[in-house]
Structure formats: structure tokens, C-alpha cells
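> Please work from the sequences and hints to get the whole structure.
Same order as they appear, the protein sequences are chains E and B. Number 49 in our numbering belongs to position 49 of the first sequence; there are no gaps in the numbering. Number 1106 in our numbering belongs to position 106 of the second sequence; there are no gaps in the numbering.
Keep in mind that the hints are not guaranteed to be accurate.
Unchecked claim - Here are the simulated DSBU-like pairs of lysine-lysine, each with C-alpha atoms no more than 30 angstroms apart in a straight line:
id: 1; chain 1: B; residue 1: K1093; chain 2: E; residue 2: K98
id: 2; chain 1: E; residue 1: K98; chain 2: B; residue 2: K1005
id: 3; chain 1: E; residue 1: K47; chain 2: B; residue 2: K1005
id: 4; chain 1: B; residue 1: K1066; chain 2: E; residue 2: K101
id: 5; chain 1: E; residue 1: K47; chain 2: B; residue 2: K1093
id: 6; chain 1: E; residue 1: K81; chain 2: B; residue 2: K1066
Because the hints were derived from the structure by calculation, they are not lab data.
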Amino acid sequence: MGIGGGTILIPALVIFLNIEQHIAQGINLVFFIPTAITALIVHIKNKSVCLKTTFQIVLWGITGAVLGAHIAVSIPAFILKRMFGIFLFFMGCYEILKGVKTKTGEG
Amino acid sequence: MNFLKTLIIGILAGVVNGLFGSGGGVIIVPALTALFAMEQYKAHATAIAIILPITIVSSFFYIQGKYIDVKIAIFAAIGGIIGGFIGAVFLKKIPSNILRIAFGIFMLIAAVRMVI
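Right, dumping it as C-alpha cells:
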């Protein structure tokens, strides 16, 4: 369906299990790796992956990740939690908007 | 132009993934369909190929900062597998637009709780 698991898993871990924001995000990162590898094997076999675009974007993506992860581990959990909350708010609005726009059963 | 597009998408998705430990796909999938005229299923598959190495790099920083708790990660993984099965069986029966709205509402409530 394409809804990122992290936008559900991270707030669930933080709110219901009282897990620290950084740790919840770390869990989601590690959690993604095996899932993505399994999915990628299937997608590459089906030739669904555009490798040229992947290589073009991935280098900048890694640069961004170094920057983003560096900021995340350098700031206290309560600030990161609030920033995540603001990010989540926009993601939530996006999901609702998309749900309202698409017809039943699509996408 | 193409160079600029890849730069902006890459940096943005990377920063979001590193900073929030999630959410790269929300940027990459719509960007690939809108800016690269990619079909939905290809955009989805390509996004995973882009996010995987990004996630590995981000994870490295979180491990260094001792923010990866192996025990909780194992529990979450077991929960994820069970959840995946439940999802595959039951979520198919619920129209995806209804699910989107339901998840969206959960996200908004969670967002408010996290900010306040």
C-alpha cells in the first residue's frame, strides 16, 4: 500500500511503550533493512528498479543521511520527539488528503 | 536540470531518513512519479533501492550513538512479522483509502501528543 511503517511504528513505540525517541527511530532503521532486502530481490528480478536513477540519487541521499543522522544523535530526545511530531503531523495530513482523493481500492 | 533534481531529492530524503529514522519513501516515491515521470510500481521499487543504502548509513550513526537496542529491535521484528501476516490477510479486505484516512488520523493524534 505504500504507507511507511515507520510513521506508525515510531510513534507507537514512543507513546505506548515509552521508548526513547532515538531508540524508537533506531529500531525502525534496523527493522527496515531485512524487509527492504527481501522486497528488493523481488523487485530487481521483475526489473522494476530503475538502476540509473537509483545511482544518481543515492550518493546525495547518503550525504543527506550523514547530515541528518549526525543532527539526530547530537540533540536531546525531547527536542527530537517534538521535531518528529511536527513531521508526523504533515505526513498525517498527506495520508488523509491522499485517502480522500483516491477512489476506493486504488493505490 | 536532471542533476539538480537528483541532488534535491537525494539530500532531502537522506536528511529526513537520518533525522527521523523513517520517511524517505514519502519524499522519493512522489518525487519519482512527478519529476521523473516514473510509473507508480517502478517508483516504489526504485525508492526501496535508494532508501536501503541510506538506511544502512543512518543505522551506523545510531549504533555509534548507542541508540540501537538489540533486545527491543528483536521484539519489534517479531511483532512486525506477526503484524505483516495479519496485515496481509485482513488489510486486503479494507479499502486502501479508508486505511489511509485511519492511519492519517492516528498519525495526527500521535503528532499532537508528541509535540505537547
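> Looking back at the numbered hints, which does the structure fail to meet, lowest number first?
4
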